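For the record, the sequence lines run as chains A and B. Anchor point for the first sequence: position 156 equals 823 in the numbering used here, and the numbering is continuous, going up by one each time. Anchor point for the second sequence: position 166 equals 833 in the numbering used here, and the numbering is continuous, going up by one each time.
Just so you know, these hints were derived from the structure itself, not from any lab. Just so it is clear, the structure is predicted and the values come from calculations on it, not from any experiment. There could be a bad hint or two in this list.
As the list makes no split between identical chains, a pair holds if one copy fits it or if it spans any two.
Pairs of lysine to any residue residues, derived as SDA-like cross-links and limited to a Cα-Cα distance of at most 25 Å, are as follows [unchecked claim]:
| # | residue 1 | residue 2 |
| --- | --- | --- |
| 1 | K775 | E706 |
| 2 | K775 | A760 |
| 3 | K800 | A953 |
| 4 | K915 | R928 |
| 5 | K800 | V893 |
| 6 | K705 | P759 |
Each chain, letter by letter, is given below.
2 protein chains.
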Amino acid sequence: MPTTSSTTYPPATSAPAPTIDAYLAATVDGLDIPSNLKEALRYSLLGGGKRLRPVLAWHCCAAVGGNPADSLPAGAAVELVHAFSLVHDDLPAMDDDDFRRGRPTLHKATSEAMAVLAGDGMLTLAFGVLVQKSTHPSLAARLVAELALGTQAMIAGQVYDTLGGLPAGLSDQERLDLIHRNKTGALLRAACRMGALCGHASERAVHLLSHYAQAVGLMFQIVDDVIDVTQEAHHAGKQTGKDAAKGKLTYPGLLGLDASRLAIARLEGEALDAIAPLGPTAAPLAELARYMAVRTH
Amino acid sequence: MPTTSSTTYPPATSAPAPTIDAYLAATVDGLDIPSNLKEALRYSLLGGGKRLRPVLAWHCCAAVGGNPADSLPAGAAVELVHAFSLVHDDLPAMDDDDFRRGRPTLHKATSEAMAVLAGDGMLTLAFGVLVQKSTHPSLAARLVAELALGTQAMIAGQVYDTLGGLPAGLSDQERLDLIHRNKTGALLRAACRMGALCGHASERAVHLLSHYAQAVGLMFQIVDDVIDVTQEAHHAGKQTGKDAAKGKLTYPGLLGLDASRLAIARLEGEALDAIAPLGPTAAPLAELARYMAVRTH
Chain A
668 MPTTSSTTYP PATSAPAPTI DAYLAATVDG LDIPSNLKEA LRYSLLGGGK
718 RLRPVLAWHC CAAVGGNPAD SLPAGAAVEL VHAFSLVHDD LPAMDDDDFR
768 RGRPTLHKAT SEAMAVLAGD GMLTLAFGVL VQKSTHPSLA ARLVAELALG
818 TQAMIAGQVY DTLGGLPAGL SDQERLDLIH RNKTGALLRA ACRMGALCGH
868 ASERAVHLLS HYAQAVGLMF QIVDDVIDVT QEAHHAGKQT GKDAAKGKLT
918 YPGLLGLDAS RLAIARLEGE ALDAIAPLGP TAAPLAELAR YMAVRTH
Chain B
668 MPTTSSTTYP PATSAPAPTI DAYLAATVDG LDIPSNLKEA LRYSLLGGGK
718 RLRPVLAWHC CAAVGGNPAD SLPAGAAVEL VHAFSLVHDD LPAMDDDDFR
768 RGRPTLHKAT SEAMAVLAGD GMLTLAFGVL VQKSTHPSLA ARLVAELALG
818 TQAMIAGQVY DTLGGLPAGL SDQERLDLIH RNKTGALLRA ACRMGALCGH
868 ASERAVHLLS HYAQAVGLMF QIVDDVIDVT QEAHHAGKQT GKDAAKGKLT
918 YPGLLGLDAS RLAIARLEGE ALDAIAPLGP TAAPLAELAR YMAVRTH
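Excised from the complex, chain A in its bound form:
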């Protein structure tokens, strides 16, 4: 089990965040779009957040020997997809959330119509950024393919989680794994793979980092579920206890809290093992996995 309980974002992993924020801001500011739409994009995209996905892309790029700044378009693209999904998921017809990161959700701050369109705009821009900013067309095409697959899986996971459509005959555990491998895991995996590709990774390195991402992605979700059960709302920064209130399937609900914590430790070990062959360039990824295992919000 992890022995530290610090929840401060670790320095090696938070270092690129200002660079990523500046890149995202410049990307939105450069758009020739309606002023109110641009404001909505800035509100959704630049209103805080840990930038986990671009940070992963950054460090995966560095881990394979690439220049991490080369991962910025890919990281921005994945962050745009993440931000779009939050805006649409918060809509009244979906999760109906009024607050996120301590501020009104976009549809509360503007209108439902703007939230629908701004989400659509961010998803579109995600793909646009990949081909406008990446110089090499064959890399750009591969990144688009990775992002499309990851986003499609994320949407599939959201459907499974909220609207059904699951294959018949699955156990509760299999259903939960299928939901989260798609809903959260696929985009984290895309972030890692895309970052590695931006660093011109070998196929073996891409494979190792995919494995890392899968472990970290599942761990991320179990930690989220545990936080939902155990933390106070003001600490978690969002409404908690909602899953149980809705009767949703969760890891603590299915396995119990102790087994969930053991699963987190096991997945942390898996993630660290996966990147061990990459050597010291992967140290920030190890640090990030350890942080994610013990975060409390």
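With chain A fixed as given, assemble chain B onto it according to the hints.
Just chain B now, with coordinates in the frame of chain A:
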């Protein structure tokens, strides 16, 4: 002024429609996504429609000497964007339409949540199709760039039309042109340019077809406005008179019916002039422009 009043889809332009439909159906059927999401995609994408955008891509590809079947991924991608935009535009928070093409809109047939997610899924799939099906990465990257620009402009046009954000100091005519050049024109233009690119068009041919598309796109919107004013709902296949009821700026409202009809004829001439240098391979595009000038629904 056009002398024919036929509204049947002309044979040279409708010929590829079954091929396009089959391609779209195969694209959706091949997806590994939840069964209910797949049903929603089939419902939205395969429920009729003229396939105007893929038909344009097909004939632009042929007009520059390409094999028109090479335009199918691009045509499918543009149709997916068009279909996604209809599903989101129909939502209660947007245009709040209950019927489209004589059937319940997707959110009425399923749920609002499914309509949001299926729209997101179609937009994502549009970009995925371009990189999975196009063999040449540099062509794929260029197509993604064209589609992202066209889609972004379409969303901007929808914002201008329904939520404001227009630049200050525009005349009514300039506002109307800006709205429709973005809302309808940009995606038709993307369809034409992408089709031409799939046929390995010269930059000059792409330019000519862009000009054709711009004229046809604006004409399409003016015809739509005229239909809204003059036709009965059962003929137009959707609710009519809605624009006037909402006090929306329209071409007949701004220019009057006679001047709108003259503008249609002028734009038809512009479209035909633009493609004249391409010679007989562009004959179906000429036929399509003539048809679009006289369509009544």
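Alpha-carbon proximity between K775 and E706, which holds within one copy, between copies, both or neither at 25 Å: within (14 Å within a copy, 31 Å between copies)
Status of R928 relative to K915 across identical chains (alpha carbons, at most 25 Å): within (19 Å within a copy, 58 Å between copies)
Pop the pair K800 and V893 into one bin, within, between, both or neither, using alpha-carbon distances up to 25 Å. neither (39 Å within a copy, 42 Å between copies)
Check K705 against P759 for me: Cα-Cα at most 25 Å, and say if that holds within a copy, between copies, both or neither. Close inside one copy (22 Å) and across copies (23 Å); limit 25 Å.
Given a CA cutoff of 25 Å, do K800 and A953 count as a within-copy pair, a between-copy pair, both, or neither? For K800 and A953, neither the intra-copy (29 Å) nor the inter-copy (37 Å) Cα distance is at most 25 Å.
Copy assignment of K775 with A760, given that the CA separation must stay at most 25 Å: Close inside one copy (13 Å) and across copies (13 Å); limit 25 Å.
Against the hints set out earlier in the document, violations occur for numbers 3 and 5.
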